[in-house]
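Trainee: So you can see what is in the structure, the chains are spelled out below.
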Amino acid sequence: MASVLPRTPEGPPLALRWPPEDNRIPREIFTDPDLFRWEMDAVFTGPVWVLVGHEAEVPQPGDYKTLSVGAVPVIVARGADGEVRVLVNACAHRGARLVEGPRGNVLKGGFRCIYHMWTYAPDGSLLGVSLPDDFPSDFRKEDYGLPRARVAVYKGLVFASFHEDTPPLEEYLAELTEGLDRVLGDGRLRYLGSIKVIFRTNWKLYVENIYDGYHVTALHTGFQVVRLRSHGGQRLVPNYERNGHLWGQSRSTPREELQPVLRDMTLFDVRTKPTTDHNMMVVFPSGVVTDYFDTIQLRYVIPLAVDQTLIEFTFFARADDPEEVVRHRVRQGPAVLGPAGAITLEDAAALERVQLSSVARGDNVVLKGTPKRFPPYRHVDEAPIRHFYQAYRRLLGVPTEEGTR
Amino acid sequence: MKAPEDLASREQAARELLARYVRVVDDPDRIEEWPELFAEEAEYRVVTRENLEAGLPVSVVCDDSKDRIRDRVTVIREFWGAGGRLEDRHYNQVRPRHVVGPVWTEPQDDGTVRVVANFAVWGTLAADPAPRLLAVGEYRDLVTFTDRGPRFRSKWVVLDTGVLQDVFVYPL
Chain C
1 MASVLPRTPE GPPLALRWPP EDNRIPREIF TDPDLFRWEM DAVFTGPVWV LVGHEAEVPQ
61 PGDYKTLSVG AVPVIVARGA DGEVRVLVNA CAHRGARLVE GPRGNVLKGG FRCIYHMWTY
121 APDGSLLGVS LPDDFPSDFR KEDYGLPRAR VAVYKGLVFA SFHEDTPPLE EYLAELTEGL
181 DRVLGDGRLR YLGSIKVIFR TNWKLYVENI YDGYHVTALH TGFQVVRLRS HGGQRLVPNY
241 ERNGHLWGQS RSTPREELQP VLRDMTLFDV RTKPTTDHNM MVVFPSGVVT DYFDTIQLRY
301 VIPLAVDQTL IEFTFFARAD DPEEVVRHRV RQGPAVLGPA GAITLEDAAA LERVQLSSVA
361 RGDNVVLKGT PKRFPPYRHV DEAPIRHFYQ AYRRLLGVPT EEGTR
Chain Y
1 MKAPEDLASR EQAARELLAR YVRVVDDPDR IEEWPELFAE EAEYRVVTRE NLEAGLPVSV
61 VCDDSKDRIR DRVTVIREFW GAGGRLEDRH YNQVRPRHVV GPVWTEPQDD GTVRVVANFA
121 VWGTLAADPA PRLLAVGEYR DLVTFTDRGP RFRSKWVVLD TGVLQDVFVY PL
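Protein chains in written order, with the numbering used here: chain C, 1 to 405; chain Y, 1 to 172.
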């Protein structure tokens with residue numbers, strides 16, 4: 001398999017114990033540091049498209065933001081030519097990190113390395129170096145641009161891939177595009193800000209939690225308190241034979257029918273959509289796209305260590321929203337789906353507890369909805385988790401055996 | 001109670017309000033008293049310095065009315081209540097500890113007092129023996145004087161780090 005970045009040698013480095021049944025998940029995969037390092041290569045720089053942002057986060061030429069693709073620190077930057085690129089955030093000379101801050105603009109001046117004052121344009125090309133006399137005679141600036149990921153954009157969503165064999169983005173997304181279209185509309189958004197928080201859990205536990213419809217009413221007590229129910233819906237797993245994205249659809253109780261336990265129930269308003277339909281999607285392996293109530297949110301899942309994961313919650317309005325609608329989205333978003341939100345804080349507590357006892361070995365088991373082998377599942381099922389791990393195991397080179405539960 | 005005539009008494013009252021705030025938010029059994037530290041028209045905001053300085057409107061917490069401030073207690077007690085069984089309220093098994101640094105007070109011409117103070121909040125959890133540094137930053141408060149004494153008209157919690165080190169249950 002070809003790669004844009006140098007890779008570590010092929011093949012899983014360790015003997016993984018996988019139960020034959022695909023609804024059993026060995027807990028070692030949440031605690032093994034060797035596996036974690038392997039995943040950073042095999043999954044995040046493997047043949048996948050990793051969601052790294054929306055074009056609205058870097059609207060002007062020279063705008064940039066930073067995050068990581070797995071373990072690789074990257075800069076998402078809009079060049080002077082208007083094109084968005086994903087650059088490795090390390091000087092091509094001696095590797096110093098180029099930018100520290102979360103975002104900024106370098107249209108004037110470019111990215112300058114503090115170590116030896118090498119300077120790069122927003123498109124990653126090397127503009128100049130300090131004191132180049134006595135360099136080897138064959139030194140050419142063109143050979144020392146920042147490594148770039150492949151980039152593809154869908155409805156403003158920016159995806160990066162460090163692998164040459166990743167299929168074209170639309171083929172990779174498959175039927176998930178239908179869900180993305182519903183959330184993103186024409187793709188023109190306005191960035192409202194982000195909240196970053198460290199979850200003390202393995203990245204896979206964070207992601208599989210979104211595939212799990214079973215925990216929603218059990219753990220998120222707020223839904224019960226206001227009697228917010230899901231009136232039907234389904235959990236689809238688009239492209240499950242290859243990538244196993246998630247598309248959870250549900251329709252919730254209208255606000256007027258909720259138990260008015262809060263003085264200000266605007267938290268649960270749906271003003272910008274004709275129905276109370278919600279979409280909750282995972283673009284495998286680590287991108288989350290959702291339009292719960294009136295909140296348009298992307299999340300980037302960034303593994304920090306085997307037991308620590310940074311989640312960046314980013315919030316958006318539509319580009320043409322009147323200011324009043326923008327204010328509503330700003331008030332509602334973090335209050336519902338942020339780390340201090342009414343119905344998301346519990347995930348951090350539950351996932352930390354799964355992480356803490358993963359050292360107990362044994363298997364986590366997936367049951368609800370599993371008598372059905374293939375999607376669509378009901379919105380309350382946890383069965384889609386199996387497809388996340390099937391896609392994950394294919395990348396690791398330890399695929400599931402067919403015909404097992 | 002009107003604002004005390006002399007500035008020193010006003011500043012002293014504002015400092016005492018902040019001290020009372022710390023006593024209340026550090027005691028999980030007293031969280032019901034928290035909204036009463038705010039005026040009837042009040043806001044409680046937790047923002048990152050990152051969003052604030054970039055002019056981005058998203059807050060970590062945006063309780064922009066007394067109703068929403070009161071609702072926060074309901075969310076803590078009922079929503080994060082694990083089915084309402086007190087013994088199952090694991091997420092609330094945290095003992096916060098605020099350490100509030102030099103308190104700077106500035107009496108304003110309209111009788112209010114601006115209060116600025118450094119803070120660090122530690123959390124000790126049942127799930128983890130090591131205390132966690134939950135947040136570091138600065139309070140930017142405005143204290144007004146009501147019939148019932150000094151109250152926060154606004155309390156802005158400005159977080160230095162753009163990355164929250166953990167989720168937090170009780171107000172910062």
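Bear in mind the hints are in silico, worked out from the structure with no lab data behind them.
This one's a predicted model, so the numbers in the text were calculated from it and none came from an experiment.
Among the hints, a few may not be true.
Which stretches of chain C does chain Y cover? Using the computed rule of at least three CB atoms under 8 Å from a CB of chain Y, they are [claimed, not checked]:
| no. | stretch |
| --- | --- |
| 1 | 76-89 |
| 2 | 184-196 |
| 3 | 256-265 |
| 4 | 328-338 |
Distance windows between CB atoms, simulated [said to hold, decoys possible]:
| no. | chain 1 | residue 1 | chain 2 | residue 2 | range |
| --- | --- | --- | --- | --- | --- |
| 5 | C | E401 | Y | E32 | 32 to 42 Å |
| 6 | C | P376 | Y | D160 | 39 to 49 Å |
| 7 | C | P132 | Y | P129 | 48 to 58 Å |
| 8 | Y | A120 | C | P167 | 40 to 50 Å |
| 9 | Y | E33 | C | Q308 | 52 to 62 Å |
| 10 | Y | P129 | C | T275 | 44 to 54 Å |
| 11 | C | E100 | Y | D128 | 23 to 33 Å |
Glycine included, C-beta positions come from ideal geometry on N, C-alpha and C.
Trainee: Mind listing which of the numbered hints don't hold for this structure, in increasing order?
Mentor: 1, 5, 9
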